[in-house]
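Visitor: This is what each chain is made of:
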Amino acid sequence: MKKKTIIFMLIMSLMAGMLVACGKSSDDVVNTEAGRTTLIVGFDAEFKPYGYKDENGEYVGFDLDLAEEVCERNGWNLVKQPIDWASKDMELNSNSIDCIWNGFTLNGRETDYTWTDAYVDNSQVVVVKSNSGIRELTDLADKNVIVQADSSALAALAGEDASEDNKALRSTFKELQQVGDYNSAFMNLEAGAADAICMDIGVAKYEIEARGNDFMMLPDTISSEEYGVGFKLGNTSLRDAVLETLYEMVEDGTYAQISDKWDLSDFACLGNEGTSTAKELDAMAATTKDESFLEKFADIAGQLLSGVGASLLIFILTLCFSLPLGLLICAGRRSKIKPVAWLVKFYISIMRGTPLMLQLLVVFFGPFYVFGWSLSTSYRFYAVIIGFTLNYAAYFAEIYRSGVEAVPVGQHEAAQVLGYTKIQTFWKVTFPQMVKHVMPPVTNEVITLVKDTSLAFVLAYTEMFTLAKQVAASQASIMPLFIAGLFYYIFNYVVAFIMERIEKKLAYYK
Amino acid sequence: MKDNEILIETKELCKSFGDHEVLKNLNITVSKGEVIAIIGPSGCGKSTFLRSINKLETPTGGKVLVDGTDITDKSVNINKVREKIGMVFQQFNLFPNMTIKNNIMLAPIQLKKMSKEEASNKADELLKRIGLEDKAQSYPSKLSGGQKQRVAIARALAMNPAVMLFDEPTSALDPEMVGEVLSLMKELALDGMTMVVVTHEMGFAKEVATRVLFMNDGEIGEDGTPTEVFDNPKNPRLKEFLSKVL
Chain A
30 MKKKTIIFML IMSLMAGMLV ACGKSSDDVV NTEAGRTTLI VGFDAEFKPY GYKDENGEYV
90 GFDLDLAEEV CERNGWNLVK QPIDWASKDM ELNSNSIDCI WNGFTLNGRE TDYTWTDAYV
150 DNSQVVVVKS NSGIRELTDL ADKNVIVQAD SSALAALAGE DASEDNKALR STFKELQQVG
210 DYNSAFMNLE AGAADAICMD IGVAKYEIEA RGNDFMMLPD TISSEEYGVG FKLGNTSLRD
270 AVLETLYEMV EDGTYAQISD KWDLSDFACL GNEGTSTAKE LDAMAATTKD ESFLEKFADI
330 AGQLLSGVGA SLLIFILTLC FSLPLGLLIC AGRRSKIKPV AWLVKFYISI MRGTPLMLQL
390 LVVFFGPFYV FGWSLSTSYR FYAVIIGFTL NYAAYFAEIY RSGVEAVPVG QHEAAQVLGY
450 TKIQTFWKVT FPQMVKHVMP PVTNEVITLV KDTSLAFVLA YTEMFTLAKQ VAASQASIMP
510 LFIAGLFYYI FNYVVAFIME RIEKKLAYYK
Chain B
16 MKDNEILIET KELCKSFGDH EVLKNLNITV SKGEVIAIIG PSGCGKSTFL RSINKLETPT
76 GGKVLVDGTD ITDKSVNINK VREKIGMVFQ QFNLFPNMTI KNNIMLAPIQ LKKMSKEEAS
136 NKADELLKRI GLEDKAQSYP SKLSGGQKQR VAIARALAMN PAVMLFDEPT SALDPEMVGE
196 VLSLMKELAL DGMTMVVVTH EMGFAKEVAT RVLFMNDGEI GEDGTPTEVF DNPKNPRLKE
256 FLSKVL
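Taken in order, these protein sequences are the chains called A and B. Residues 30 to 539 (my numbering) are what the first sequence spells out, left to right. Residues 16 to 261 (my numbering) are what the second sequence spells out, left to right.
Chain A extracted, bound-state conformation:
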């Protein structure tokens, strides 16, 4: 026990060390662009029309066209790197990408990146179902509104710098939900799990055109915002090179031509008066003061703590339901009635053979797409628990089966000849021995479950890891993810400790 405590302390201090290292922003930025041969552009591949995958499987979009042109003029190779939006800061800080060029809102992020001048002036609009009866912003009272996690719409409505008007508007909503991408936002809207989506106007126009007349935009916009190309903080040399080329393109009309091609002429604003410039933004970045490491750590940990409860709830409810359900499924799998055994075997093969993330989506959206039932908001949480329970029960069933089959046949015979019924034999003889056999693999599954709770984000259920990603995005720091890791580790340390105690308790016989 003592030895373990020491190891635990060592790991903790190691992780703390890593956090300190992550807290400091490294300044190993390349300062000359002379030797550059490639430009790696990071973008969210589902952000139409700025950057997305078209019918031919090619990455295309307004931003990518601009980037292509800039690269051509500088003799660079353009690398289009689709990224997970929540990990954009890590991608940038680790130099895996050179810039984020993807309808990237600079408002509220002024001090987190090195920016070009604003090149698109965008606004946030509200998209609703055409037949919903919602016609203006006041109609949104008591409605469920959905936004993309870490999007400008979220920042505009609920961010630190949100305007008073927007905050007042947000307070009339029943709920403000976050989803990972616009496709699931539209699925939620279509299925009735949300009443409105708040999103960028350019994207909204494009999506409505692609999806037909079932959806419409409200005439009132929510806030005005600007897009810029974001570089790692301090990487002014590359920024300057890109910006210079962009202005060349404005001069010779290429910029207007590309804007036209994507139907964005109304929004293209590079060089317009009154828009943010790189110079102003650099000045803002220079005046930010550093928070101490401990302050930051405590602040983030505090924010994540509210998500720990949600993760814990998923964990406990899933175990409460799936452990006994696994027993029932195990009985079905071993049933002498062939069709029952086949059906259960098929169920298990589906549960083990497809991603849990997909199963969660099916459980949540299935009732709408299959039966046309409209979904209530509270079903979101039930769907998470049902999805996790069905999946884990299948794994537990197979573990139980191995445990039951490891009990020698002589045990059953001995119970039989003593006159035990099948049920008595199971509970008095088979079950206690099975439990002992299955403890190590069950512990494995339970530990996996702790980490799997993070998958609840696909149903926009905000558990700890989703929260960590959101905080990481809003603070442009990867520290929240490490703190989340720390939470998971502590959680699992406790789980492993408890399971070990149970195993020891069961060691009274061999």
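Hints were generated in silico from the structure; no laboratory data involved. For glycine and all other residues, C-beta sits at the position ideal for the given N, C-alpha and C. Just to be clear, a hint being listed does not mean it is correct.
[To be verified] Computed from the model, here is a short list of chain A residues facing chain B with C-beta under 8 Å: (1) Lys367; (2) Gln445; (3) Thr450; (4) Pro461.
[What the hints assert, rightly or not] Simulated restraints, written as ranges between beta carbons of each label pair: (5) Lys259/B - Ile452/A: 41 to 49 Å; (6) Lys533/A - His215/B: 38 to 46 Å; (7) Gly382/A - Glu132/B: 48 to 56 Å.
[Claimed, not checked] Which bits of chain B does chain A cover? Going by a derived footprint, with three or more residues having C-beta under 8 Å, they are: (8) 86-98; (9) 121-128.
For chain A, the structure is supplied; the task is to place chain B on it using the hints.
Guide: Below, chain B without anything else, positioned relative to chain A:
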């Protein structure tokens, strides 16, 4: 006690595993007080016969009457019949998750044959009889093979069976432990317990059995007193068998 009261009777008992006929039309009766030793070469069907008596194997033909009840009849509650038949296995099959005492007393309580107190007293009495009172609260893994088999016998006796079946009870034991188990079985026989014993212990068969059955290839090759079977064998296969084992 009437010596001729029939406890077990098989009529035309047959058992096949697929195409392989293991038991061929066996007609055997076991009367109260008899100690029957079944001997014969490996694979001749001795154990299958024994296991057919309490339906651990389901006969493919014929009848098995236990105390007048035909257990091949599907409407018969086999668990009720099994209460009358104690069985001891080669591999002991004690329940590792229970203490020695619970191994012995749980079945009578579960099947509501005795109150908890009665069962506990009975278990103490049996443990004393087999000389393992001090092991009452131990778990089976702490016992030697010979001790385990004695507990298994006590567990079967706790149900107050009318007949005891032994399926090669000493075959899994180290040689120095065979004696303790055989002497317990001998005591039982002397107390008048009806016993059917599948065994390779010819000394035990000769000394303790009242009747010896020689099985060969699913049939009864010879059936007689120990003196008849061992000293004056008639069946040529029995002669061959005895020449190998004696």
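Visitor: Compare the structure with each hint and give your call.
Guide: Okay, the hints, checked on the actual structure:
1. About 19 Å separates the beta-carbon of Lys367/A from the nearest beta-carbon of chain B, more than 8 Å, and the hint is not met.
2. Using the Cβ-Cβ criterion of 8 Å, the hint placing Gln445/A at the interface with chain B is satisfied: the shortest such distance is roughly 7 Å.
3. At a threshold of 8 Å, the smallest CB-CB gap from Thr450/A to chain B is about 6 Å, leaving the interface hint in force.
4. The interface hint given for Pro461/A holds, since its Cβ lies 4 Å from the closest Cβ of chain B, which is under the 8 Å cut-off.
5. Range check, Lys259/B to Ile452/A: Cβ separation about 47 Å, and the 41 to 49 Å hint holds.
6. Look at Lys533/A against His215/B: about 42 Å separates their beta carbons, and that is inside 38 to 46 Å.
7. A C-beta distance of roughly 55 Å is found between Gly382/A and Glu132/B, which places it inside the suggested range of 48 to 56 Å.
8. For the region 86-98 of chain B, the stated coverage by chain A is satisfied: 4 residues place a CB nearer than 8 Å to a CB of that chain, which reaches the threshold of 3.
9. Given as covered by chain A, the region 121-128 of chain B passes the check, having 4 residues with a CB less than 8 Å from a CB of that chain where 3 are the minimum.
In terms of the numbered hints stated before, the structure departs from hint 1 and from no other.
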